[in-house]
Amino acid sequence: MDIIHGKVWKFGDNVDTDLIIPARYLNMTDPEELAAHLFEPIKGENFNEIVGESDIVIGGDNFGCGSSREHAPIALKASGVACVVAKTFARIFYRNSFNIGLPLIIQPEAAEDIQDGEILNINLGEGKIKNQTTSKEYSFPALEGMMIKLLENKGLISYILNEGYDSSEKRESSG
Amino acid sequence: MAHTITEKILAAHSGKKEVNPGEHIVADVDFMVANDITAPITINIIEDIKNAQIKNEQIALVPDHFTPNKDIKSAQNVKLLREFSKKHGVKYFFETGRCGVEHCMLPEMGLVGPGDLVIGADSHTCTYGALGCFSSGVGSTDLAGALLTGKIWLRVPETIKLEYSGELKEWVYGKDLILMTLKELGNVSAIYKSLEFTGSTISKLSMYQRLTMSNMAVEAGAKNGIFSPDKITEEYVKDRVKRNYKMYQSDPDAKYSKVRKFDVSNLDPQVSLPHLPSNAESVKKIGRIEIDQAFIGSCTNGWYDDLEIAAKVLKGKKVHPSTRLIIAPPTPEIYMKALRNGILEIFGEAEAVIGPPTCGPCLGGHMGILAAGERAIATTNRNFVGRMGHYDSEVYLSNPAVAAASAIAGRIVHPEEVL
Chain A
1 MDIIHGKVWK FGDNVDTDLI IPARYLNMTD PEELAAHLFE PIKGENFNEI VGESDIVIGG
61 DNFGCGSSRE HAPIALKASG VACVVAKTFA RIFYRNSFNI GLPLIIQPEA AEDIQDGEIL
121 NINLGEGKIK NQTTSKEYSF PALEGMMIKL LENKGLISYI LNEGYDSSEK RESSG
Chain B
1 MAHTITEKIL AAHSGKKEVN PGEHIVADVD FMVANDITAP ITINIIEDIK NAQIKNEQIA
61 LVPDHFTPNK DIKSAQNVKL LREFSKKHGV KYFFETGRCG VEHCMLPEMG LVGPGDLVIG
121 ADSHTCTYGA LGCFSSGVGS TDLAGALLTG KIWLRVPETI KLEYSGELKE WVYGKDLILM
181 TLKELGNVSA IYKSLEFTGS TISKLSMYQR LTMSNMAVEA GAKNGIFSPD KITEEYVKDR
241 VKRNYKMYQS DPDAKYSKVR KFDVSNLDPQ VSLPHLPSNA ESVKKIGRIE IDQAFIGSCT
301 NGWYDDLEIA AKVLKGKKVH PSTRLIIAPP TPEIYMKALR NGILEIFGEA EAVIGPPTCG
361 PCLGGHMGIL AAGERAIATT NRNFVGRMGH YDSEVYLSNP AVAAASAIAG RIVHPEEVL
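Protein sequences appear in the order of chains A and B.
Numbering-wise, our numbering puts 17 at position 17 of the first sequence, and it's gapless, one number per residue.
Numbering-wise, our numbering puts 129 at position 129 of the second sequence, and it's gapless, one number per residue.
Worth flagging that the hints you see were computed from the coordinates, not collected in a lab.
We put the CB at the ideal spot given by N, CA and C, even for glycine.
Footprint (simulated), chain A over chain B, 3 or more residues, beta carbon under 8 Å:
id : region
1  : 41-48
2  : 65-72
3  : 141-147
4  : 177-191
5  : 376-385
Reference excerpt, derived from the structure (chain B facing chain A, CB under 8 Å, subset only):
id : residue
6  : Thr38
7  : Lys151
8  : Trp153
9  : Gly365
Just chain A, with the same shape it has in the complex:
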């Protein structure tokens, strides 16, 4: 898996999906159109234009809580965000992100320490975050089986089409 190198955009606790992409834009599906409204309630319009390719979002607790809208991770990814690091993630957002090939990292200490504008190097395979600005390093547990398969296949659908659920299934007789 690739090394992620980018600038940090830091947010607080309970960043819900209405803050990531407000409901009134959910009549759109085009990733570029959605990206134009990323974090609009917090950052204003066209925040995506100042997000660099491969930038990193830092969140607090419960990042991505609220609705199941996949528009939220889609807007993040289409804006150039390569990874989100947070203390905890809401579960649907967690699934949705990996399902479209956007990696998330749970690392509470890093999420607390790292500040807006700092530059990070993240090695997903080795489970390492290096803060280039402060030289501080953090490690995180290796991703679990399914999450790796999703990232390697760049999402759930390619995984299903390439490998299929059957390859991961070990069925017992139902008895």
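Starting from the known structure of chain A, fit chain B onto it as the hints suggest.
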């Protein structure tokens, strides 16, 4: 080994004798749902795959969020659902006029039942747990995966057992139990976990109040919120659910990650203050909060019983001159029953506006948007920043009696204050 109801349902759907928390499984899905916001992404994924075959009898496509179509983009999305349904022979597509809020439609029509494994591309899919099924919200890609394969990968959740005892006071309902519970649990403690609602208070609770409670399980971060099916469940599902269903029960010695007990005999109606559902407080302790709008409806608290409670409060009264009251019965069946029984007339006489079945106002979609600085009380499930409109507006959550009473008083009050 002893297991919870959730573990038993997941085991039965993954061809295993037993499953344990933390385990990853691939499970068979009984039924799926998506709406006009989430389904378009799913449809685009499926139409990109050459000759894709889908499980067309196990999905309901319910255009309920921006309908009746609020603008051209919304109309295009519903058209996409309609044409996809026709092309792929989707059995359950609901046209405006026959369509209601998805999480009220599915139980009402018996499309989901006890023992089922249900997923939906909507976070409030957890609602159906009230029927004793495993039901969880997912995203559009997960739904596409399940439509193609009939399966979904899941991590078996730990379960938190919630035990309620005591008789509820007048004007206190399932909504107040769940708002109080969210306050006690906080909004993150149940992330990735299952909530199991039990106890003597619960066994007397009507199906509609149970549906209100499981609807909000996701507001604690939970994967699902489940009730043990009993006589009340059987009574509700027996003439609705046409498929075979199975009433699983947790073993008495099943393992829980946590057990919380609540004596609710002194519980007052609860109000969740901005901007989190877990910011609940007794209506008697919140001071004077004037409101510009009240909304009664949604998948949380728009059931017929909820409208009946609101009508009891509103009968012979008028909405306060500085407040607007919007009531949207969430399904055509509920709408017609309220019409026939004179409930809509009571609302009209009180000078409330009666909206069509839609999710509209709850998510700030349409039909009741708030301006900057405005405040609303709503019987819905979320009060996030800007949820019902402008980022500088505020939403307070309550049960339907408190919402109706507050519309009369022009400020948030206990129903006793206006009766």
